[in-house]
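**Student:** Please build the complex by placing chain H on the supplied structure of chain V, with the hints as guidance.
2 protein chains.
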Amino acid sequence: MTKFIEPKVLKGFRDFLPAMEIERRNLIERIEASFRSFGFVPIDTPALEYAEILLGKGGGETEKQIYRFLDHGGRDVALRFDLTVPFARFLAEHRGELPLPFKRYHIAKVWRGENTQRGRYREFTQCDFDIVGGDAAAADFEILLMMRDALKAVGAGESVIRLNHRGLFNRFLGRLGAGERTAEILRVVDKLAKIGRDAVRTSLKEIAGDDAAERILDYVEARGSFEETLKALTAAAGGEGPDTERLAILYRFMADTGVASSFSLDPSITRGLDYYTGVVYETFLNELPGIGSVCSGGRYDDLAGLYSPEKLPGVGASIGLDRLIAALESLGKSGCGTTYARAALACVHESLGGRYQALAERFRAAGIPCEVFTGAKKLSGQFVLAEKKGIPWVIIPGENPGADPMTLRELERRQDRENLSFDEAVALLKGGKTGV
Amino acid sequence: MTKFIEPKVLKGFRDFLPAMEIERRNLIERIEASFRSFGFVPIDTPALEYAEILLGKGGGETEKQIYRFLDHGGRDVALRFDLTVPFARFLAEHRGELPLPFKRYHIAKVWRGENTQRGRYREFTQCDFDIVGGDAAAADFEILLMMRDALKAVGAGESVIRLNHRGLFNRFLGRLGAGERTAEILRVVDKLAKIGRDAVRTSLKEIAGDDAAERILDYVEARGSFEETLKALTAAAGGEGPDTERLAILYRFMADTGVASSFSLDPSITRGLDYYTGVVYETFLNELPGIGSVCSGGRYDDLAGLYSPEKLPGVGASIGLDRLIAALESLGKSGCGTTYARAALACVHESLGGRYQALAERFRAAGIPCEVFTGAKKLSGQFVLAEKKGIPWVIIPGENPGADPMTLRELERRQDRENLSFDEAVALLKGGKTGV
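Protein chains in written order, with this note's numbering: chain V, 1 to 436; chain H, 1 to 436.
Isolated chain V, as found in the complex (with noise of 0.2 Å):
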């Protein structure tokens, strides 16, 4: 007896099934959509990288976490575990090349040995867009603006961005006495909605001291309207500063762009990361804001660093697919069929394949997707097959097919539409509001 080998993935790791890729690449096409309306360009970098490279920014926590291994000339390498380490080294390869600023987005897998146990993937997707060589208060507004318009495009619906700014919070530190321990504190912070006040309040006055921890506390739950929240931040941080004024210029441009109500100013926003240095920024759906940041980032004043003397300031976001896709899912927002056909064209007689064929690469040519079955089975079981994938509709041809009118099957309805023409069976196709 043959042993055959048991057919799995690894842990951590998925197979998309075509329902499942179908709604991935819808989304991933209409941020790409979005991006490219505003000139963004795509590029691409190795999946396998020097270790050294990719673990250059890394802590203990990234280098944990990925998977690095001798290649077959004993290279130490390893997968990419996020875009924007290999971003950087391409920033700092290719900075001849590229007029700056430079505007790109980069949709890509990476992958992490994470414990699966949290419900985290080990290969998943990311969704940067980035623009660097430049400091402008327009860049940080472009990048805010894409990722409304980003996730108005997939239909997410309402969402609010939470902004901040990394040397506002600084100054106010520093005011407190706390400016050493800044790293620590925003570290803390950023987990104010996720552990909850009382659990930061622990933490803070362990790092801070009692008094300063409730300051701290009262500071990053300053809530109000933009305005006023920027005038009470501006006061605990002592008075007005390029931060301040950064955040004043944001607000007037999201007035000037009538988007204003798409954000807030949110002292609670850190971003864990420490390459950040202005504007960070989150964004949570309206009706599921439990499910926490689908699109986050902000500005650093130099990303290639550790590859590059020379200096460069970015701006930029990063789209959670993943989570947003959950979070679609949760909506019941999702589901977009399991094909692309919008007919299946049944076969009456195997032998009349080409035939077929001629008459299906008509409908193709006038923008009907259809798929041509190749057995000739009862129609019934054709009808039966066509509802499996998703068709919507069936085209019976007749014997003579491309000549003799044809009948076309609605399966929703079980309804059919007899002794049409080619022009009718195609305005009939077009109109129908079934599938994609």
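Each hint should be verified, as a subset may be incorrect.
Note: identical chains are not told apart, hence a pair may lie in one copy or across any two.
[Stated by the list, open to error] Derived EDC-like pairs: lysine to aspartate or glutamate, alpha-carbon spacing no greater than 16 Å straight-line:
1) LYS8 <-> GLU52
2) LYS109 <-> GLU123
3) LYS205 <-> ASP218
Derived from the structure by calculation, the hints contain no laboratory data.
**Tutor:** Chain H only, in chain V's frame:
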């Protein structure tokens, strides 16, 4: 002094800068649109799998080239080296969820630690499409028609798909008394185009003897119309059989669809891989035959046999995307530009950033991809930046953007069109011929 990490990619790996990535995506998008018009659905599988699964069918060559290592849990894992083996595993694992015949495509990267001295890449994109679950001639024909249509869609010019049938060649070798050495002989004949007639003759003589070698050479060099060749091969194989019958049906289907001139019957086509059992084919561009086959495939009678007792016959093909891109470059048919943007909106006053984005959003909504420049340098400098980015038009807004008339500069002609309303500007930007 800071020590910088040298920014470089691994040998055999590549960055894709915007011009190249836009080219690659443009090809993939056209190919996908063609596949979707046939009702084919996309799937995806993990980049990393159990080594046992990937190597199940591999011989020594695969084992030497595959990127394989132990993961954090000590599992023996490897990067996929093609899309066929993961598809076989996928079929065995998800058989119950897939309506048969299942028509899928899969466009994704694969990795092989090949010798880069031959100009091979270690990371490249494969583009596979298959119909699984049935052995209808109509399925064979559909794959052939898709190959033709996809190559037309990418603008590769005229091509000839060369067809053969494994069974026919096997019968011929059986009659010669060389049936036991079929696999060896297939491998040698497969190299005819690469190593030439004399080298093939020498190898064949060693394997099958002088007389058989000459007859094999005569057989594989039979040329003529499809029907003439089929007649000659039928005689050489000892008469009609299921193989000649299948080829005759396919020829009739081609004639019925009006595409017969795209196909030829070529007994030298054998395909090296031993899982093929029926029709096999390769595709050569008329204008660039020397680059080799850009699309190849065939019929197999049991793809998932290593993972499942259920037989899953099918037929499929694979487009050599990297080779196709190289071919299009050689033929001067490539070059999609370096941006998707049709226009750049100049920045006259930095303080108007919000108003500029508001205007740009109107252009985007009207179907004009529009980049917004974020820094207020001189207009001449902004023209230079637009040209470097490959953007054909610059929009110069008035002092009151969106309300005032604007100027459009066509960079190639260095020509300004002044005093335009928004609608006039859209009409002009949609009309011009420059750009993607």
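**Student:** If a hint holds in the structure, say so; if it does not, say that too.
**Tutor:** Evaluation of the provided hints:
In the homo-oligomer, the alpha carbons of LYS8 and GLU52 lie at most 16 Å apart only across protomers (11 Å), although the nearest pairing inside one protomer, at 32 Å, exceeds that limit. Both within a single protomer and between protomers do LYS109 and GLU123 lie at most 16 Å apart by alpha-carbon distance, with minima of 7 Å and 14 Å respectively. For the identical chains of this complex, LYS205 and ASP218 are intra-copy neighbours only, at 13 Å inside a copy versus 89 Å across copies, given an alpha-carbon limit of 16 Å.
Of the numbered hints stated above, none is contradicted by the structure.
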